[in-house]
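Q: Here the structure of chain S is known, so what remains is to put chain U in place on it, guided by the hints.
Protein chains: 2
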Amino acid sequence: MRKGLLIVLSGPSGVGKGTVCSVLRQKMPELVYSVSATTRSPRQGETEGLNYFFKSKDQFQDMIARDALLEYAQYVDNYYGTPRDFVEKTISEGKDIILEIEVQGALKVKEKFPEGVFIFLLPPSLDELKQRITGRGTETQAVIDHRLTVAREEMSLLRYYDYAVINDEIDAACHRIQSIVTAEHCRRERFLADYAELQAVIEKA
Amino acid sequence: MRKGLLIVLSGPSGVGKGTVCSVLRQKMPELVYSVSATTRSPRQGETEGLNYFFKSKDQFQDMIARDALLEYAQYVDNYYGTPRDFVEKTISEGKDIILEIEVQGALKVKEKFPEGVFIFLLPPSLDELKQRITGRGTETQAVIDHRLTVAREEMSLLRYYDYAVINDEIDAACHRIQSIVTAEHCRRERFLADYAELQAVIEKA
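The listed protein sequences correspond, in order, to chains S and U.
1 is the number of the first residue of the first sequence in this note's numbering; add one for each residue after it.
1 is the number of the first residue of the second sequence in this note's numbering; add one for each residue after it.
In case anyone wonders, no lab produced these hints; they're calculated from the structure.
The reader is advised that the hints may include incorrect statements.
What the hints assert, rightly or not - Across the chosen pairs, the derived CB separations fall in these ranges:
id, chain 1, residue 1, chain 2, residue 2, range
1, S, GLU153, U, GLU30, 55 to 65 Å
2, S, MET28, U, GLU30, 41 to 51 Å
3, U, ARG2, S, ILE144, 24 to 34 Å
To be verified - If you want a taste of the chain U side facing chain S, the calculated C-beta under 8 Å gives, among others:
id, residue
4, TYR161
5, TYR163
6, VAL165
7, ARG176
What you are looking at is a predicted structure, and each value in this text was computed from that prediction instead of being measured.
Every residue, glycine too, gets a C-beta built ideally from N, C-alpha and C.
With the rest of the complex left out, here is chain S (with noise of 0.2 Å):
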């Protein structure tokens, strides 16, 4: 049986993974979309399971504790964070699952999930890179030194990930990745893996 693949959309911030990921999603319906934990409240419309799975505090630390989160992070006063089940649940059932996360997320992600797909999103072009760290040179020193330093920390992660995918044209950028969960299914360790009944034949013949 053929397993599914987890691939994880990442990139520095502003860098479009969310348009992306929502386009992809009508290009590729077959793919299922990772849902968060968080500790927030559900706001109105928004459903267990579908946008997120709503967990308490004290659930949401209990699933840290029995390491059942991908990844997890605070903002303000609540968690969020990828179970891990659901995940697993997916990918077993021969469904392809995609997360969308930032680049600090995704490198947890790969220290527990080393055999995901790991595609990173980059400015359309090195211009556009060095006018969002520049600006429009109206920027104080002090705040172009911080923003080189964000990006060279983002653009740094690029060497943890097995793919760079330029977000120069949506249509263009989600056909990559389209050819990218195609091609990794074709990957021979992948492809061995799944047939196993062929690796017997090749072994036994």
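A: Below, chain U alone, put in the same frame as chain S:
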């Protein structure tokens, strides 16, 4: 400047490499097809540099001596081989080049060109593979044993390849190969090699 890829398409004899390649030629007109060198005489309508590079035996042996071939083999009285300079010129121009070749030749190419993308084309199903081995049930045990040996040898070479593509349906197989080419251009190592400027920004930022 982005470098092209050397894509090597191989697989067991009879799996349909030639058919897949000719459909791919229509679907990916931007792909360059490797032209072989040969010592056999040109047939009617064959053009130098398009169908083959036609060489004398002396010229061919000189190419062998100069290590100017990625692989070569002798069939009947003639040599056939893959000129290295045509491959290298094409990829240095940023164009992808595909080489359709039998499994042993592909492994020789891999020795000289490990950065190539090696794709192993597989028969549509395990049943089909078993059928090819056991035949229609009318074969002698000696014939079946021979086929078992050949199949074991051919299939065991899969472990040297980067990708396994099942040739269940020509269009599906071509789509997988197209996806592999797109994905390989996004692989982090290749991407960083192609975008040295970006790497400089990351390091110096």
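Q: Evaluate each hint against the coordinates.
A: Here's how the hints hold up against the structure:
Our hint of 55 to 65 Å for S/GLU153 and U/GLU30 is violated, since their Cβ atoms are close to 37 Å apart. S/MET28 and U/GLU30 have their C-beta atoms about 25 Å apart, which leaves the hinted 41 to 51 Å range violated. The given range of 24 to 34 Å is respected by U/ARG2 and S/ILE144, whose C-beta atoms sit roughly 30 Å from each other. The restraint placing U/TYR161 at the interface with chain S holds, with a minimum CB-CB distance near 6 Å, inside the 8 Å limit.
About 4 Å separates the beta-carbon of U/TYR163 from the nearest beta-carbon of chain S, less than 8 Å, and the hint is met. Given hint, U/VAL165 at the interface with chain S, holds; its Cβ is 6 Å from that chain's nearest Cβ, closer than 8 Å. Using the Cβ-Cβ criterion of 8 Å, the hint placing U/ARG176 at the interface with chain S is satisfied: the shortest such distance is roughly 6 Å.
Hints 1, 2 from the earlier list are contradicted by this structure; the remaining hints agree with it.
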